[in-house]
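A.B. asks: Protein sequence lines, in the order shown, are assigned to chains X and R. Residue 47 in this note's numbering sits at position 47 of the first sequence; the count goes up by one each step and never skips. To convert, count from 1 in the second sequence and add 1000; that's this note's numbering.
Mixed in with the good hints there might be a few duds.
Facing chain X, according to a computed beta carbon distance under 10 Å, are these residues of chain R, among others [stated by the list, open to error]:
#1 S1082
#2 S1086
#3 I1091
#4 D1108
#5 R1125
#6 F1130
#7 S1133
Calculated cross-link-like contacts (lysine to aspartate or glutamate; reagent style EDC-like; alpha-carbon spacing at most 16 Å) [unchecked claim]:
#8 X/K94 / R/E1085
#9 X/K94 / R/E1087
#10 R/K1128 / X/E151
#11 X/K71 / X/E151
Calculated directly from the structure, the hints in this document are not laboratory data. Quick caveat, the model's predicted, so the values are computed rather than measured. Even glycine gets a Cβ: it sits at the ideal position worked out from N, Cα and C.
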Amino acid sequence: MVNVPSAVWIDESGVIVRGPEPAGTTEAFRNMDRKSFSLPEESREEIRQTRERYTDMLRSWVRTGVAPRSKSPTPTADDIRAHAHFTLGQYLWKAGRQEPASQHLAAAIQLSPANWSFKRQAWALDDPTKAGGKEFWEAVDALGEDKYYPEIDWGNGP
Amino acid sequence: MPVTAVLLYEGHQYELPGGVPAGEDLWMTPGDLQQLGWSLEPEGMCQGERCVPAPQGLQLVDGEGRVNFSGFSRYLGAPVLSDDESETWVIGSEPPPAFPSLVNVAPDFSLPDLQGTTHSLSQHRGRKVFLVSWASW
Chain X
1 MVNVPSAVWI DESGVIVRGP EPAGTTEAFR NMDRKSFSLP EESREEIRQT RERYTDMLRS
61 WVRTGVAPRS KSPTPTADDI RAHAHFTLGQ YLWKAGRQEP ASQHLAAAIQ LSPANWSFKR
121 QAWALDDPTK AGGKEFWEAV DALGEDKYYP EIDWGNGP
Chain R
1001 MPVTAVLLYE GHQYELPGGV PAGEDLWMTP GDLQQLGWSL EPEGMCQGER CVPAPQGLQL
1061 VDGEGRVNFS GFSRYLGAPV LSDDESETWV IGSEPPPAFP SLVNVAPDFS LPDLQGTTHS
1121 LSQHRGRKVF LVSWASW
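Chain X on its own, in the form it takes in the complex:
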């Protein structure tokens, strides 16, 4: 899970059916007013419709046991190394060793730039307001045309 909200669907035998994937959310959050946190009506409607479509697909799976399978992303060698750096950085930060911790957290972010959980958790260790503040929005804006959330794979679902 490299972002929030993310979801994984797991069946009765412990098999991953879908995900991790964005849990019924869209890029429309990027239209948020950064002072009032309000969204334009069309963005609110887009998010509402996506969420409804996603929960309909979820309800259908619960009722029937059938869901369009989505491909789970495969971590790269860099993603795995990034996770190790993040684990060590987080441990060292909590142990009061901020300087080496920061180096490991920065390495994690550099190795796995699409992992927003690494970025935001690292920012939050330094200052809880950063994870949703200026740093966050600057990083989102820097994406330009690139996506913040990958597209949900709807298959042939509702």
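Starting from the known structure of chain X, fit chain R onto it as the hints suggest.
C.D. replies: For chain R alone, coordinates are given in the frame of chain X:
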């Protein structure tokens, strides 16, 4: 010289009182190794039913019976990191198989709830699970 090393491995934190760091490797006693779910057997390094033959060219066991688990993990393709000052080590995940299985079983994990009660994914076997991550940023 033995130290109490901290090893972060597979989502758990282990204290290894018989750890001997040497260069980029962490050697550990068979007892410490067992804590991690591994053991040294005649057929190689074993984790449950999975056994990996001792890698050629890697000194796996030293003269005092300590095992080079970090070197072995590196051989399996897992990243090994350390912070020398605090004797903290991280051994990361092995790379995914080149030909992944069509059946992708979710790895088990445990997390505490707000009351401190631990819940494991495996407790929910037999039921569908919708697992959501969320944050209050």
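A.B. asks: Does the closest beta carbon of chain X sit nearer than 10 Å to the beta carbon of R/D1108?
C.D. replies: At 8 Å from the nearest chain X Cβ, R/D1108 passes the 10 Å test, so the hint holds.
A.B. asks: Straight-line Cα separation of R/K1128 and X/E151 no greater than 16 Å?
C.D. replies: Roughly 24 Å separates the two Cα atoms, so the pair is violated.
A.B. asks: Is the hint on R/R1125 kept, meaning its closest Cβ partner in chain X is under 10 Å away?
C.D. replies: Since chain X brings a Cβ to about 6 Å from R/R1125, closer than 10 Å, the hint holds.
A.B. asks: Taken at face value, is the distance from the CA of R/E1087 to the CA of X/K94 at most 16 Å?
C.D. replies: It holds: about 15 Å lies between the C-alpha atoms, which stays within 16 Å.
A.B. asks: So, R/S1086 near chain X? Judge it on the closest CB pair being under 10 Å.
C.D. replies: Hint on R/S1086: holds, closest Cβ of chain X at ~6 Å, below 10 Å.
A.B. asks: Given R/S1133 was flagged as interface, is its beta-carbon under 10 Å from a beta-carbon of chain X?
C.D. replies: With a minimum Cβ separation of about 5 Å from chain X (threshold 10 Å), the hint on R/S1133 holds.
A.B. asks: Was the hint right that R/S1082 lines chain X, CB cutoff 10 Å?
C.D. replies: OK, holds: R/S1082 within 10 Å of chain X, min 8 Å.
A.B. asks: Restraint: R/I1091 near chain X, CB-CB cut 10 Å. Satisfied or not?
C.D. replies: holds (8 Å)
A.B. asks: Are the Cα atoms of X/K94 and R/E1085 separated by 16 Å or less?
C.D. replies: Distance ~15 Å between X/K94 and R/E1085 Cα, so the pair holds.
A.B. asks: Does R/F1130 pass the interface hint, meaning its C-beta sits closer than 10 Å to a C-beta of chain X?
C.D. replies: holds (6 Å)
A.B. asks: Taken at face value, is the distance from the CA of X/E151 to the CA of X/K71 at most 16 Å?
C.D. replies: Holds - the C-alpha atoms of X/E151 and X/K71 are around 12 Å apart, at most 16 Å.
Violation of the numbered hints given earlier is confined to hint 10; every other hint is satisfied by the structure.
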